[in-house]
Amino acid sequence: MGEQSQQTAPIQYDYTVAKMFLVSTILFGIIGMGIGVFIAFELAFPELNNLFGEFGTFSRLRPIHTNGVAFGFTLSGIFATWYYVGQRVLKVSMAESKFLMTVGKLHFWLYFITILLAVVTLLSGLTTSKEYAELEWPLDILVVGFMVLWGISIFGLIGIRRERTLYISIWYYIAAFVAISMLYVFNNMELPTYFVTGMGSIMHSVSWYAGTNDALVQWWYGHNAVAFVFTTPIIAIIYYFLPKESGQAVYSYKLSLLSFWGLMFVYLWAGGHHLIYSTVPDWMQTMGSVFSVVLILPSWGSAINMLLTMKGEWNQLQSNPLIKFMVLASTFYMLSTLEGPIQAIKSVNALAHFTDWIPGHVHDGTLGWVGFMIIAGIYHMTPRVFKKEIYSKKLIEIQFWLQTTGIVLYFSSMWIAGITQGMMWRAVDEYGNLSYSFIDTVEVLHPYYTMRAIGGAFYLVGLFIWAYNIYKTFKCGRELSDKEINVNASPMAS
Amino acid sequence: MFHWLEQRPFFFTIGVFMVVAFAGLIEILPNFAEASRPVVGTKPYSILELAGRQVYIKDSCNACHSQLIRPFKSETDRYGMYSLSGEYAYDRPFLWGSKRTGPDLHRVGNYRTTDWHENHMWEPTSVVPGSVMPSYKHMFSNTVDVETAYAEMVAVNKVFNVPYNKPIKMKDGSTTTVKLPDSLDEAKQEILKEAKEIVKDMKNQDVKDMVEKGEIPEIVALIAYLNSLK
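Here the protein sequences come in this chain order: A and B. Sequential numbering from 1020 applies to the first sequence in our numbering. Sequential numbering from 972 applies to the second sequence in our numbering.
Be a bit skeptical, because a hint or two may be false.
To be verified - Simulated DEER-style distance windows between Cβ atoms: (1) A:L1357 <-> B:G1012: 41 to 47 Å; (2) B:K1174 <-> A:D1448: 33 to 39 Å; (3) A:V1480 <-> B:K1142: 52 to 58 Å; (4) A:T1121 <-> B:K1167: 55 to 61 Å; (5) B:K1108 <-> A:I1458: 19 to 25 Å; (6) A:E1462 <-> B:Y1082: 18 to 24 Å; (7) B:E1186 <-> A:F1118: 53 to 59 Å; (8) B:T1114 <-> A:I1315: 23 to 29 Å; (9) A:F1071 <-> B:K1171: 31 to 37 Å; (10) A:L1357 <-> B:T1114: 47 to 53 Å; (11) A:Y1487 <-> B:F1043: 48 to 54 Å; (12) B:L1000 <-> A:G1178: 31 to 37 Å.
Unchecked claim - Computed footprint of chain B on chain A; a stretch qualifies when at least three of its residues, placed anywhere within it, have a C-beta under 8 Å from a C-beta of chain B: (13) 1124 to 1134; (14) 1293 to 1305; (15) 1450 to 1459.
Unchecked claim - Not everything, but these chain B residues come out facing chain A in the computed CB check (under 8 Å): (16) D1030; (17) S1054; (18) L1066; (19) Y1121; (20) A1126.
Just so you know, the hints here were simulated from the structure itself, not pulled from any lab data. Glycine included, each C-beta is placed from N, C-alpha and C at the ideal position.
I would like the entire structure built from these sequences, with the hints used as guidance.
And the structure:
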């Protein structure tokens, strides 16, 4: 980690932009997951759908939830950590370049405005309907804009670095940048109808691809949005913060190499598993299955590398709640990267596809892995960027257990719901006729939908505790001297 | 080699890009010519259907309903013939969905009527007790954007050669033609004509009055679209 050189020649890192993204991470986290909890309750208690007229239905709000957490909360967290980690592992301060500082601020504001516009347009029903690519074409251009600014920031900072060798986290940030840019542009190729005809809404567009082709491009994108928003940059985060917080060196360099290049090559093939038994060619579906199973290797490679980094230091799990977050995050990463390949096997997919097991799978990954890593990363950054002691260790502990309980409630209820519904859809009576009408398979889910919504609410309460704790740290945390900050375990008041 | 790459960000990035882009090239490109060919009986959407499709997208119906019948007996029993690739040739974007909180709709036009949809969209539990679907009463007062629907029609005809004004082979051996109106005015007359056909089977007086005045409520377009899914 180059800890020594940092101590001998201290560089004053500038966290202005990191702080801005830190705030937006918390803000969009609460908005995105708040809507998530609300729509979860709507499924359990449908009368909630009509509270806000056309703007409160499950269908109108769902894209705001998914975009809010993927591009609001998660991207903010990725950018916040980038503007913190990038400087530190490259051994260069943002303050050394006026240009990069300006780019960083522009990056934040363009990003922030884009997300706000996304909320407004989605709420008013302006959507392309393609999952996680719902934003209409003018917003797509803004997204490309802030991604380009991020790219300039990454390569600009690399260009003036003092540390010649790129640390593992940087590999993953670069990969996230390259892949998200490529995927986003190709999946959002749209034809704005106004420019062809001079008529109608300027916001409207149609997809450049039709039918099955559109589906193919969409899930090549959709699956890899998961790869390069929810996986790669989160691995960048854990590779920095777990060794830092624990004071342990990364267990194996070779394992991180294998996992990185393996993940890069294998992930993109797996998109086909979203299209099993659809009208895309059979061989592609099978490729999707096979590569999904292979994907266990690089995924578990990273997770095991992280867990073994804790070798001999497991006592920290008891004493440090941030280590709890990060170790459980790796564990959830292992769980969901085992569950995903299982669901990608054709016979299992036949049962699981279209059921609640899929959102169940998504959420043990996003809540357990992505959410926990971002929460832990931001907690670790807080005393360093504000130079104050974290307000309350006890609150972190409470948050950890509350959110862990929430996740368990979430995925276990959705596993049961999904498998129940899948089995009921295909059940036949002694004459070979379908046993259940569709509505039977909906009504049976009520208790699980309720349990899921409660689990989500637990997690959301945890987010509020997180926000409160960081706010109090900023407001009235004890000031820290440089010596107190340059330690491994984050300083926190009991 | 890897250590060398880690000190050279330019080549490192190129390397990542090549490794990442590889799968897309192999998997996606070869399929393009194949999958866009329509099967017999697949015709482009009429203007009212297209306006209805835009309503379907606006309210994200695809968040809870699929349009993809998988080739299992339990699915064909429930929803009808399994889906074929060519049936989606004019779907931009595709609307397969990924989650069935409600049932599949790919052939809903075969077994639901205008009247059923009208009741259901107003208050789902009135026809399906226990339903968790929201009621979509706003579709009975919001009107569709005819100009944008027409713009889409013209655009896909011009850019993607969607065969409007051309004979299309139907399954029974006959041919049919879907008309592309020549002008916006003609489009407005055409959509109104189609709307009147739908409204004949509806009972909501406000909707009938709106159509009488020349307006197209969202619900009318949506029902026309749902009826076209066969």
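Checked hints:
no. : hint                            : result
1   : A:L1357 <-> B:G1012: 41 to 47 Å : 44 Å, holds
2   : B:K1174 <-> A:D1448: 33 to 39 Å : 37 Å, holds
3   : A:V1480 <-> B:K1142: 52 to 58 Å : 57 Å, holds
4   : A:T1121 <-> B:K1167: 55 to 61 Å : 60 Å, holds
5   : B:K1108 <-> A:I1458: 19 to 25 Å : 21 Å, holds
6   : A:E1462 <-> B:Y1082: 18 to 24 Å : 21 Å, holds
7   : B:E1186 <-> A:F1118: 53 to 59 Å : 55 Å, holds
8   : B:T1114 <-> A:I1315: 23 to 29 Å : 52 Å, violated
9   : A:F1071 <-> B:K1171: 31 to 37 Å : 33 Å, holds
10  : A:L1357 <-> B:T1114: 47 to 53 Å : 50 Å, holds
11  : A:Y1487 <-> B:F1043: 48 to 54 Å : 50 Å, holds
12  : B:L1000 <-> A:G1178: 31 to 37 Å : 34 Å, holds
13  : 1124 to 1134                    : violated (count 0)
14  : 1293 to 1305                    : holds (count 7)
15  : 1450 to 1459                    : holds (count 4)
16  : D1030                           : 5 Å, holds
17  : S1054                           : 6 Å, holds
18  : L1066                           : 6 Å, holds
19  : Y1121                           : 6 Å, holds
20  : A1126                           : 4 Å, holds
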